[in-house]
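Visitor: Chains as they are written, first to last, in the numbering used here: chain A, 235 to 747; chain B, 2 to 359.
No lab work stands behind these hints, which were simulated from the structure alone.
No experiment lies behind these values; they were computed from the predicted model shown.
Glycine included, C-beta positions come from ideal geometry on N, C-alpha and C.
Fair warning: there could be bad hints in the mix.
As the list claims (entries may be wrong) - Covered, in the sense of this in silico footprint (three residues per stretch, anywhere, with C-beta under 8 Å from a C-beta of chain A), are these stretches of chain B:
| no. | region |
| --- | --- |
| 1 | 105–115 |
| 2 | 184–194 |
| 3 | 254–264 |
| 4 | 281–292 |
| 5 | 301–311 |
Stated by the list, open to error - Lysine-lysine pairs mimicking DSSO-like chemistry, simulated, CA-CA at most 30 Å apart:
| no. | chain 1 | residue 1 | chain 2 | residue 2 |
| --- | --- | --- | --- | --- |
| 6 | A | K276 | A | K615 |
| 7 | A | K719 | A | K491 |
| 8 | A | K491 | A | K615 |
| 9 | B | K162 | B | K311 |
| 10 | A | K491 | A | K614 |
| 11 | A | K651 | B | K162 |
| 12 | A | K276 | B | K271 |
| 13 | A | K387 | A | K417 |
| 14 | A | K320 | B | K271 |
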Amino acid sequence: MSQPQEGLRGNPLRDVRDRRLPRVPDPCALVVFGVTGDLARKKLIPAVYDLGNRGLLPPGFALLGFARRDWGHGEFESLAREAAEKGSRTGFRDDVWQRIADSIKFVPGSFDDDAAFDNLSQTLIDLEATHGIRGNAAFYLSIPPAMFPTVLKQMQRTGMADNAERGGWRRVVVEKPFGYDLKSSRELNELVDNVFTPQDVFRIDHYLGKETVQNLLALRFANTLYEPLWNGNYVDSVQITMAEDVGIGSRAAFYDKAGAARDVLQNHVLQLVALTAMEEPVSFDAESIRTEKTKVLGAISVPKDLEHYAIRGQYDQGWLGGVRVPSYLDEKDVPAGSTTETYAAVRLGVETRRWAGVPFYLRTGKRLPRRVTEIAVIFKKAPHLPFSQTDTEELGHNQLVVRVQPDEGITMRFGSKVPGSSMEVRDVSMDFLYGESFTESSPEAYERLLLDVLLGDATLFPRNEEVEHSWRVIDPLEEFWAGRKPHLYRSGEWGPAAAAEMLARDGRVWRRP
Amino acid sequence: MTTTLWDTNGTDIVKALSLERRAAGAIASGLALTLVVVVDERHVEKAQSAATTAAAAHPCRLLVVVRRSLTANDRLDAEVQVGGHLGANEAVVMRMYGRLTLHAESVVLPLLAPDAPVVTWWYGPAPERLAYDALAVLASRRVTDCAAVDDPRAELRRRAKDYAPGDTDLAWTRATSWRSLLASAFDDNEARATSAQVSAEAGSASASLVAGWLTARLGVRSRVVTSDGPGITAVDVRFDDSSRIRIDRPDGHTATLSRTGRPDRPLPLKRRDLGDLIAEELRRLDADQPYAEALAAVTGGKNLNERSAKRTHIWREPPGTEAGSTKTATGAAKTTRATTKKATKKPAKKAASAKASR
């Protein structure tokens, strides 16, 4: 008989060459605070179920729900089951659910109730005996940030967040908003980092869990074709659009205080800027990638002329997709005369050698004609055209567009000869879909991110410094906007006229996504 | 859209495929590979639907080769499909008759997606030596299925003897979920294994491969014992501190993981359908060393991983025929070219013809 093989992490059955075996986390518990909330029901519980169905949960796994309901275990289980049935991506199967249901526990209590947290702490300790889980736990804070201090203090008091004390890993997952401005985000970061160690804090930005966003890194760094052109010598400008066709729905209470810039620009859109503009990481591990992203975010400059290059808007009534929709001010629970923006467009610069002089135009808004998120890299025109002026009248800039959602994929726009006897060149689009159905079966962002948390892989989670740099970009805009009225735009249009003028001033136009 | 070509040739198939692609609209497809499926007439649909499932994750050009009667007149019929239920994929089903069945590669070669890797999958029994089939030689990855033959264990030995890096077997793919669960069970286990036992229905090649894998990785003796099935029903590993890990799956659905000193855990462990298996196969196209090691451990084969990945076609006259007894072998393509007919688009006619040729 041969000798036992050295395996990964001391497990002889794990072989680095064995790519068939999926990465499965260590036995662990996932504790969800605010488990009866929208996010938990629509995303988290289905994601846990799908992970289970794909065989990606460890043999020892427990889901603990904590919420302020006077519920028994049975009520929670039926809520969770319903959520999984509704939201699962991989098809609901009873036997899979049964297995997860066996390890679901509900701990009722309010966040200031010491006894409830003692109970939770004890439940976690008991898991070792009942589920063979030795001290590993991830805490998902699916609660309003105002509650963070209370919950975190309770965790500190009971020692739940202490790695050494519990003899396993302890991680915490925080959802956006990561604060309200630089100051509040710092306070929040200090608070969380104080209770957990900084490397155990996972800030979820679900955009980064999307396949195309990760594919952007593959596109840039696995190919020779694009990287030589990916700089100010060839790139004219970059346009990043994140448009939604919906209004604010029932989120008025939150949204009216935040606005589009804080809600979307600060996190999703700036993260897309970072991934587009970052230098090549020295390796593909979490620290290297996050270091490069941090560098770019730190190099972002805000325009001096905010009047003309930081435009915000608010939607007025109008028609969208054949339906009459009300104005922002007429939405439920929006205070009269609110000056909160539902649209923001800004020109930023990235002050590095690679991007010197290349404007990054970002825009985001609600009630725009369609839901689309894309990154468009617009190239300079060819320095010399050997054709006559009339031949190339319809030739624009070459573009490389990364479509993040929907129809994840890549579009290239380039000039091509119009068939026929005369020489005419016009722009054509080449669409690349990596198999239409591929996107359907690719893991839902939350599923991927949740798995990464349990595996301890922080690659796709922004670091503390990234969040602070982002606020440094947003804060001056907010200061400038404070006390001013947003431009109105009709629902169903691509934003206020001022945003179009902003590009026209630079001799450019917004791409119609 | 489907175009059916009767008594046709390779050139016309290439033309029909490119016409279909244009008709299906502006398809800028992200073809990742060409999948060649060698299958019996009876199983064309099953194989095609499995390949289509797999192609959802790995967009490919699907070339289905159906070898019909060797004694019939040389002839080639083809169906070309693009889009529709195939999604972004394209498929060509080719039915070959007569001596053409021995020269299938002459039709397949011009249809391979340019510069993309080629995977050949034998739905039923594979040739005794893969090099006997030219379709194996042009592939960078070859997928066989030991469970498709009457004596899977003997087949495993044959595969080991014939092994070249890039070969893989669906019996191994079927074992992945078992192996994954076993690996997880070992994650927080420090003791040293002393013996292992796999229980499975009689003649399960997957069970043999799991046992071979455990032997290769743990350096212990592992046995396969017969149970009532379905498939693998239990794996039992004992350790030097007299603890044990046991996974039981009596019903083909749910497994129970028992470990000494720990509570039992129920875990989903379902048998996967063919589409899932093929999708897993297409995920990576490099040589599968752990498979080679498991295969070596179970069959006593030597140095499987060190063999050359290159195969050269070995001409072998099929048993029961003599070279030249029917028409000349090389004349196959020529004969069909002489009698090319234009495409018809009536699927009804296809059924009629299939009946007629039986």
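Visitor: Provide an ascending list of the numbers of those earlier hints which the structure does not satisfy.
Guide: Of the numbered hints given earlier, those the structure breaks are 1, 5, 6, 8, 10, 11, listed in rising order.
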